[in-house]
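Next come the chains, spelled out residue by residue.
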Amino acid sequence: MRWLGNLIVSPFAFFGRGCESAAKHAGGIALLVGRTGKALATGQVSARAVLNQAYAVGVQSLPLVTVTATLSGIVTSQQSSYQFTGSIPLYIIGSVVTSSVILELAPVLTAIVLIGRVGARITAELGTMQVSEQIDALYALGRDPIPALAAPRIVAGIIAMPILVGYANGVGFLAGMIAARLTVGLGTEAFLYGARMFWHNWDMFYSLMKAVTFGFTVPVISVHMGLLTRGGAEGVGRSTTSSVVFMIIAVLVMDALFPPLLLN
Amino acid sequence: MATDALPTTPMIEYRDVHKTFDLPVLSGVDLTVADGETLAIVGPSGTGKSVLLKTTIGLIVPDRGDVIVDGQSVYGSGPSVLAEVRRKVGYVFQNAALFDSMTVHENLLQGLPDALQKSLGRKEALRRVCAALEGVNLEPGHVLNKFPGELSGGMRKRVGLARTIVGEPRIILYDEPVTGLDPVNSAAVERLIRRIRERMGVTSLVVTHDIEGALGYCDRIALLDRGKLAFVGTPAEFRRSHTPMVMAFADRTAAANFSVRMLDDESHGGPSESWQNGVENAPDA
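Chains as they are written, first to last, in my numbering: chain S, 1 to 264; chain L, 1 to 285.
FYI, nobody ran anything at the bench for these hints, they're computed from the structure.
Treat the hints loosely; a few may be bogus.
As the list claims (entries may be wrong) - Partial chain L-side listing against chain S, Cβ under 8 Å, derived: (1) R86; (2) F93; (3) Q110; (4) F147.
Said to hold, decoys possible - Simulated pairs of lysine-lysine, DSSO-like, Cα-Cα distance not exceeding 27 Å: (5) K88(L) - K38(S); (6) K146(L) - K123(L); (7) K24(S) - K38(S); (8) K123(L) - K88(L); (9) K118(L) - K88(L); (10) K118(L) - K38(S).
For every residue, glycine included, the Cβ atom is placed at its ideal position computed from N, Cα and C.
Modelling step: build the complete structure from the supplied sequences, incorporating the hints.
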């Protein structure tokens with residue numbers, strides 16, 4: 001009968017453990033955000049550290065963002081060309097490319113690039129510092145790792161991400177326009193006519209709002225997971241993997257929440 | 001170096017310190033370290049020596065009990081007291097814990113509080129950094145602009161020590177300072193511990209596995225076993241002790257015999273009374 005008891009109890013235990021873990025992460029992230037805000041408000045964060053991180057997050061991500069934005073523009077343009085041939089006016093491609101890139105592809109793909117390039121690095125870096133006692137050393141030296149390590153990374157994400165997304169919007173748009181010209185012979189004038197047809201200024205604001213949100217979420221989760229790391233090299237690997245999964249899910253869930261909140 | 005004099009003015013007091021992770025690690029440790037004293041803590045691996053050291057400055061928070069540093073309660077007061085305690089205490093980590101992304105110069109500057117750096121100015125701060133490096137027998141010109149990854153294990157330990165002393169602490173906690181070093185480097189680090197104590201008059205607490213080395217420079221030695229103090233006394237008392245555990249630590253042959261007995265006992269359902277109860281000179285007894 002004991003196995004029957006275990007069978008009945010185990011789903012509840014699993015659910016309970018999941019809730020406990022979620023609550024711990026939520027609490028940890030809330031504390032991290034609060035302490036970061038306090039560090040910023042009290043002027044403990046060095047501008048030089050923020051600039052260094054912004055360079056690593058922004059400038060060093062440009063090549064990969066260029067590639068993803070270019071390809072997303074080309075793919076959207078070509079798929080629209082294929083679907084519209086013979087039935088819908090081709091200049092509508094301009095509208096489809098613009099809306100797809102600005103509203104969805106540029107912010108989300110840039111966030112994915114940020115997760116892979118920056119988020120994973122932050123978790124691994126802070127995780128290694130944690131398991132090699134460098135974080136303890138900071139505390140022992142009377143220094144707080146939040147203003148020294150966490151805050152510059154979070155602020156850099158918030159600053160760099162809208163710039164990267166704005167850049168990706170432009171690159172994706174141009175790539176789509178060039179691809180439409182080369183594949184279906186759609187002229188620049190016609191493409192721009194289509195792009196203007198369904199354009200709302202709000203779309204750009206929406207895109208940049210997504211960028212700021214993702215630019216905040218990715219470093220916050222990666223710093224939180226990095227500081228939670230325990231257990232040597234294996235622990236660093238485990239927390240980096242968990243962090244990447246956590247960041248991807250968080251970005252996609254937030255992406256799904258944006259349209260009902262800001263596009264209605 | 002070793003003296004039979006009992007501790008006078010207390011600098012660090014551990015009062016009934018308990019800590020449990022998955023299993024109990026510290027089970028009611030009471031220990032007093034006097035001002036200017038050098039106390040070595042020895043014991044088998046995993047018995048809570050480093051955990052005890054970390055409770056001194058709040059790197060690990062005990063489940064119960066308190067630590068009093070220079071008259072200030074670490075856990076009975078607010079964060080400002082903890083910050084003040086951390087300014088008084090220097091901590092030398094087992095693997096030096098140098099910041100990989102910083103040069104030796106930048107690492108050592110972390111040992112000087114920002115406000116002090118500002119008041120000293122760049123030149124004076126650099127002079128102090130160089131003096132600290134010279135104090136641990138390192139040539140500043142050779143190491144100042146190097147990254148920790150470019151240094152040998154012994155040099156990293158010494159830079160870690162320099163980072164601790166540059167802030168001129170009153171207390172230094174050493175977490176296995178000679179672990180992983182060859183005998184020559186171990187002897188050099190032990191000489192430095194002695195010299196720093198003589199020059200700066202600091203109170204030192206040294207967690208180590210190197211009993212012979214520790215007996216040469218410490219005033220008292222404490223043996224921690226399964227979260228409890230099994231012995232506290234002078235090096236002479238340690239050598240004279242008939243407690244099996246102490247004898248095992250004081251003598252390699254006895255250690256070999258003791259480990260065989262211990263394994264034998266464990267394979268027959270747990271440790272025997274003979275070494276469980278062999279506690280003498282227990283503190284506050």
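For each hint, the structure was consulted:
{"no.": "1", "hint": "R86", "verdict": "holds, 5 Å"}
{"no.": "2", "hint": "F93", "verdict": "holds, 5 Å"}
{"no.": "3", "hint": "Q110", "verdict": "holds, 5 Å"}
{"no.": "4", "hint": "F147", "verdict": "violated, 13 Å"}
{"no.": "5", "hint": "K88(L) - K38(S)", "verdict": "holds, 26 Å"}
{"no.": "6", "hint": "K146(L) - K123(L)", "verdict": "holds, 19 Å"}
{"no.": "7", "hint": "K24(S) - K38(S)", "verdict": "holds, 21 Å"}
{"no.": "8", "hint": "K123(L) - K88(L)", "verdict": "holds, 24 Å"}
{"no.": "9", "hint": "K118(L) - K88(L)", "verdict": "holds, 19 Å"}
{"no.": "10", "hint": "K118(L) - K38(S)", "verdict": "holds, 23 Å"}
Checked against the numbered hints above, the structure violates only hint 4.
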